[in-house]
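Novice: This is what each chain is made of:
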Amino acid sequence: MTLVLDILTTAAILYGVSAGLLIVFGVMKIINFAHGAFLTVGGYAALLVTNLGWNPWWSLPVAFAIGGFLGALVERLVMKPLYQRPLDAILATWGLAIVMGQCITLVFDRGVQFVQSPLSGAFDFAGASYSSYRLLMIPLSLAVVGVLGWMMNGSRLGLVTRAVIMNEDLARGLGINTSLVRLATFSLGAGLAGLAGSLITPLSSVDPNMGVPWLVNAFMIVMVSGVSLVSLGIACLVLGGAQVLVSTWANPILGGLTIVVLAALILRVRPEGFARG
Amino acid sequence: MRQDEGFFVFDFQISIVSPMRKSTQLFTATSILAAFTFASVSLLASPIAAAQQMPPVVIGTAVGLSGANSVVAPSVVQATQLAIDEINAAGGILGRKVVLEVADDGSGAAGAQKAYDSLLFQKKVDAVISMETSAARNAALPIVTRAKKPFIYTSFYEGRSCNKHLFINAWVPEQQVASVVDYFSTKLNTKSYFLIGSDYAFGRGMLEFTRKYIASKGHKVVGEEYLPIDGSDWTAIISKLKASGADALISSTSGGAPNVTLTKQLRAAGVSLPFGNLAVDEGTAKSMGSDAKGVYTAGSYYTSIGTPRNKKFLSAMSKRFGPDMKTPNDLSTPQYEAVWAYKLAVEKAGTLETDKVLKALGEVSVNGPRGEIKMDQQHHAALTMYIGQVQADGSVKILETFQNVAPGAQCPQLK
Amino acid sequence: MNISTQPVVANPAVTRRRLALPVGLAAAGIVLLFIAPDVLPTYLVNTLIRAFLYAAVAITVDILWGYTGILTFGQSAFFGFGAYAAALTFTHVGFGPGTALMAFGIAIAGAMLVALVVGWFAFHPGASALYGSVITLVLPIVVSQLLYSGGSFTGSSSGLAGFESFDLSLEAWFRITAGFLLVITAGAWVFVRSDAGRILEAIRDNEQRCAYLGINVSRVKILLMVACGAVASCAGFLFACVQMVVAPEYAGFAFGTELLMWVALGGRGTLLGPVIGTVLLDSSTSYLSGSLPFLWKLLSGVAFVIVIVAMPQGLLPALLNAVRRWCRLGTRGSASRAKEVALRVAEPRPLAGLASVGRFALSVEDVHKRFGSLQVLRGIDFKVRPNELLSLIGPNGAGKTTLMKCIADGAERTSGTIRLNDHDILRSPPATCVALGAGRKFQNANVFESLTVAQAMRVSRTRLEPPSLLRRASVLALPDAALEVLRATGLERQLDVASRDLSHGMKQALELAMVLALEPNVLLLDEPTAGLTKAERTQIGAILLDLTRNYALCVLLVEHDLDFVHEISSRIIVLHQGQIVLDGSVEEVVNSELVREVYAGAGAPGEHA
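Protein chains in written order, with the working numbering: chain A, 1 to 277; chain B, 1001 to 1415; chain C, 2001 to 2609.
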């Protein structure tokens, strides 16, 4: 049972971390390597909330807001010239991640710090006691899926975004303000990353480089998922599950490799990954 | 993905029409290079110490300002600073002022290389006194050997690190592990143990010793798991712990961050077994809040040691650092004593010459917060050890005291 | 056909002057490097030793990324591999001349093996550039994580330290690593300036065109990766011997991206830029990271972002250009890099072993092509003899270009058989179809933007005449047909002009010449007159006629200009909605009612548009 819960919670956490990256990739066709840095920003937002003495639940909206705001700033200042150059976008956003990391270090110092968890203790679930906070990740991720899904399919912005995903030139020709769509998308992606960052820190710690391992895993999962939120969920379950299984039966370090290696193999065999068609 | 399909068409042209005009490009390039140059020049132009009557004695300290050890690093730097201030107030070493150079070793081997290169060859320190991970220490030793300077290592570690230039005033497993395992088996009746560690020399060395000791007492080890020093996701390991049915948990992670993440996640998962943490110091325990309550720990220093010398030390720390004082602990106090040991050794030798100082280091005795300490047992020291339990407020209540525990034969070839 | 091209021989005096500066600089550099360690402070010597080794790895990154366009994060993995090969051997086996040699062998051979596997994964035919980069990103992560999981064997987080190594002084190591860097730089320099080096740039500019020139792009990339992996591993080996400490970080992702940063800042694709950039930046970091740790890294990050976004050529080249302009040395564009090249006639190479006379040059049998549920080609069936000029006409969307694709690339069609010179192309990739005799010219002028005309022609000859890895030939042998095109269009007077600076018509002509250099005997031309003036059109038409009559070429032509088609074809096939509706002589087709219907309103043959 613990194993099943481990798999579900790991998949949920991976989903939360990767959703923002997927959205940016799907709409703008570029890979945002600063995603890990936005994650870190979210973690430090949670630290800020702890230091200010507020209720830890505040770290979620604060992290989302700060992430979104920074995302908007980055999009306006840096991203424009990169839209036609996907490989260069990877490098430029990585450089941006370094810059953001250094700024964080200048403000918060480089040491490892810790954040208060909003929810502590264990929850008895089907005979096993399991970390309540980890269990919380599942409904939270489902909520994120739900909200994003509703936005994509039920709102005007979502409709417009889907148009841009399918054919940007045509969308622009029809009068859709693609520039605004990009801004909104990037901010949303960064905000989600910040939110995810604040969610993962209570379980571990914050330090200026915490985003990097998550970035790589999220990136590989997004590569395998194509553009659909549903296939992202499937990818998280499959790859996250594989990671947990390898960590449990072999060795946690090899477990850390599983996602990356499996994704590379899947893409070799089936370049579209889990996406349909 | 075929070359000409969809959005995976990459028309890589190095001759991308740059968004910037040539003049702007030139301006930007020049300003960036100017910034680099300015930074470089500002370093070189930093005031070179005016030639005094005598140059100061420079003590170098490499510590993990970033990475796993960063949780305890501030306390280490403070303890070192206090010792140096006291020595300077008392006239310095051989009449010369003492200056501190701190370098960040990143809590690891790669960082330590850079830090030690910088300390020994750029800043040209006279001695290195460091609290750092075993990974950092192992990387530092070849450099220290090449530079031929004294190196006092002040962190508890897995033992058997032997080098002519290296002295250690902190404990080794022979002095610590037995007390914890004995306490568990006699007072808490535990028979099976699960071991968790950080995957490097310290973690592996400590747990190997622990495993052998447990076996020698006729008990069982039902699991042994490791994560890299910077790993923070203990989920799989905690699940294995729960499945193993062990009576007790013993951990030996790197000092600092891994202790916190492990304890947090253990408590979140509802684990309440007797938990002996071989590598947690009081400062880190305090920062863990209520999660650390009930953890058993053993070491050579706790703030609750009742000796007058310790009380004097604590009040000096509090006076010097005020509200910024970090809890003195088993990783920072030996640093304080080591600086004093160096002063005494230099003055006994009458010179800064390495070989003479090294000889004196094995002979001088420092009366510090941990008592009288002499590094005369094959470059290691006999220590008074304590076993304690972390209380709700983060302080450690001492349960048992062991006087004058010998380190055993650590470096037989080093008399 | 008489070609009288005056060979233009390089002026020896000019060559000597041009070489004087770099050779002089190099000599001065070598002398400086050999006296330096005795003069410089120890810390700087130590720092430079490391920087030299990193610079050698940066060269490999520049060759892969700057010159060939492969964005690689993975060279650090090879560096770490070499370092750990040394460390593991010396720690677990011991140190001695025999073990040192063994360790070196493992380092180089092992790295080459790993590079082979990685290359096979990353550059398999059909892999996108993004996938290749993804694999190079996965590599250092896998290597460093494997090192972390190695327990006490690899030292895990501690790494390995204190193993015995060569007992050499710091000064000796300085000279060794400096020498190593010089050798690698010199070798790389010779290679990228050679004719073979042009292939790298060709791949970077237009991989598709390379494939259709018969160059096995995957193989080139894999070979490059193997060579660069070996060099990086060697640097790592030396690193371990000097430092006597290795840690998993040296094989990791962060170091891999740092290398990219140094190359980008120093100037990608310039070779010397990354070397200087790496040495300067790494040394500065060693000095400044103690005093201004955050500010320094912040500056580097900002500079990196600016360079990638707005100054892709890098910091150093931008400054050098400015300096040059101020010193009025004159702008030296890519044209000056090209030596004067003489053209001469090449010996014809009949397609060995392939029947090319009497039987069919091209045979298309029941070919179908489906995109999902959309049927684009249905039951296409025709045979072409050598010497025929066959035009393929039909309204847009009829499937003409698709048919071309299927003939030139065996993987394109859904079903059916295609034979080139009586050889079944099966599912062969474009490069193999070129070997079977196909030469495809694309609809839009598909050339190599940054190569000069001469260089582009040199690259086109690669399949038949492998270029030198060391030298730049001063004479280029081309087949008559290609020379004819160059002469007739005036390109032979523009041999030193970069392709991007040519007019559209000239680009079309260049591409035609490049394809002819392949000595194909089935020439597939997709709208060769698109965008050409009337005069240019006439010229091309004459050339094509000439080709069929005098060179026994089978030409398959897709065209919309029906006048043009009428003038030059011997046979016309009309395609409509993926099927052949008519296949006959020019007269039959021109007078056909069906064709008029199919082209309703588009201008029947004989009328001016």
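Read the hints as simulated data drawn from the structure, not as lab findings.
It is possible that some hints are incorrect.
[To be verified] When the alpha-carbon atoms are kept at most 20 Å apart in a straight line, the in silico EDC-like pairs for lysine to aspartate or glutamate are as follows:
1. Lys2297/C / Asp109/A
2. Lys1124/B / Asp2038/C
3. Lys1148/B / Asp2167/C
4. Lys1164/B / Asp2167/C
5. Lys1293/B / Glu1224/B
6. Lys1148/B / Glu2164/C
7. Lys1374/B / Asp1393/B
8. Lys1242/B / Asp109/A
9. Lys1326/B / Asp109/A
10. Lys1319/B / Glu1086/B
11. Lys1124/B / Glu2171/C
12. Lys1148/B / Glu2171/C
13. Lys1164/B / Glu2164/C
14. Lys1148/B / Glu1158/B
15. Lys1348/B / Glu1086/B
16. Lys1326/B / Asp1393/B
17. Lys1123/B / Glu1101/B
18. Lys1123/B / Asp2282/C
Novice: Could you work out which of the previously given hints the structure breaks and list their numbers from low to high?
Specialist: Hints 5, 7, 8 and 14 contradicted; others consistent.
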